[in-house]
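Chemist: Sequence:
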Amino acid sequence: MADDDTVSVKRVLSDDNASLEDKLKAIEQMVQQAQIEADMKAKATGEIVAPVDPADLTMCIGCQ
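For the sequence shown, numbering that gives the first Met the number 0 gives the first residue as 0, with consecutive numbering after it.
The set of hints was computed from the structure by calculation and includes no laboratory data.
It is possible that some hints are incorrect.
Claimed, not checked - Once the Cα atoms are required to be at most 20 Å apart in a straight line, the calculated DMTMM-like pairs of lysine to aspartate or glutamate come out as:
| id | residue 1 | residue 2 |
| --- | --- | --- |
| 1 | K42 | D55 |
| 2 | K40 | D52 |
| 3 | K9 | E27 |
| 4 | K22 | D4 |
| 5 | K9 | D21 |
| 6 | K22 | D2 |
| 7 | K24 | D52 |
| 8 | K22 | D3 |
| 9 | K40 | D2 |
| 10 | K24 | D3 |
| 11 | K24 | D2 |
| 12 | K9 | E36 |
| 13 | K42 | D52 |
| 14 | K9 | E20 |
| 15 | K24 | D4 |
| 16 | K24 | D14 |
| 17 | K22 | D38 |
Computed from a predicted structure; not experimentally measured.
Using the sequences and the hints, build the whole thing.
Modeler: Have a look at this one:
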């Protein structure tokens, strides 16, 4: 996640006047970006890409 994005998210989370929806949206955005970065890093190093929900690793593709 870019530094300016991180600062923006931290600003929203620390803003007492920000709505719960805004805070949840900021958290979701941060998690999505972290997942994208982790996926790119794993692909670049030949590692397995971890899903957002690790429980997905315990199920076969057909069961998901």
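Chemist: State for each hint whether it applies.
Modeler: Hint-by-hint comparison with the structure:
1. A threshold of 20 Å between alpha carbons decides the hint, and for K42 with D55 the separation of about 18 Å falls inside it, so the pair holds.
2. For a cut-off of 20 Å, the pair hint linking K40 to D52 stands: about 18 Å separates their Cα positions.
3. Annotation: proposed proximity of K9 to E27 holds, straight-line Cα distance about 13 Å (limit 20 Å).
4. At most 20 Å may separate the alpha-carbon atoms for a hinted pair to count; K22 and D4 meet this at roughly 14 Å.
5. For the suggested pair K9 and D21, the alpha carbons sit about 12 Å apart, so the restraint of at most 20 Å is met.
6. A threshold of 20 Å between alpha carbons decides the hint, and for K22 with D2 the separation of about 18 Å falls inside it, so the pair holds.
7. Distance hint between K24 and D52 is fulfilled; the C-alpha atoms sit about 18 Å from each other, no more than 20 Å.
8. For the hint linking K22 to D3, the alpha-carbon distance of about 17 Å falls within 20 Å, and the restraint holds.
9. Between K40 and D2, the direct Cα distance comes to roughly 18 Å. Compliance with the 20 Å bound is thereby established for this hinted pair.
10. Taking the CA atoms of K24 and D3, the gap is near 16 Å; set against the 20 Å cutoff, the hint holds.
11. At roughly 18 Å between alpha-carbon atoms, K24 and D2 fall within 20 Å of each other, so this suggested pair holds.
12. Using a Cα cut-off of 20 Å, the hinted pair K9 and E36 holds, with the two alpha carbons roughly 19 Å apart.
13. Only pairs whose Cα atoms come within 20 Å are accepted, and K42 paired with D52 is accepted, the gap being roughly 18 Å.
14. Simply put, K9 and E20 have alpha-carbon atoms about 15 Å apart, close enough for the 20 Å limit, and the pair holds.
15. Taken as a hint, the K24 and D4 pair is honoured in the structure, with Cα atoms around 13 Å apart against an allowance of 20 Å.
16. The hinted pair formed by K24 and D14 meets the criterion: a straight-line CA distance of about 14 Å does not exceed 20 Å.
17. For the given pair, K22 sits about 24 Å from D38 by alpha-carbon distance, which is inconsistent with the 20 Å threshold.
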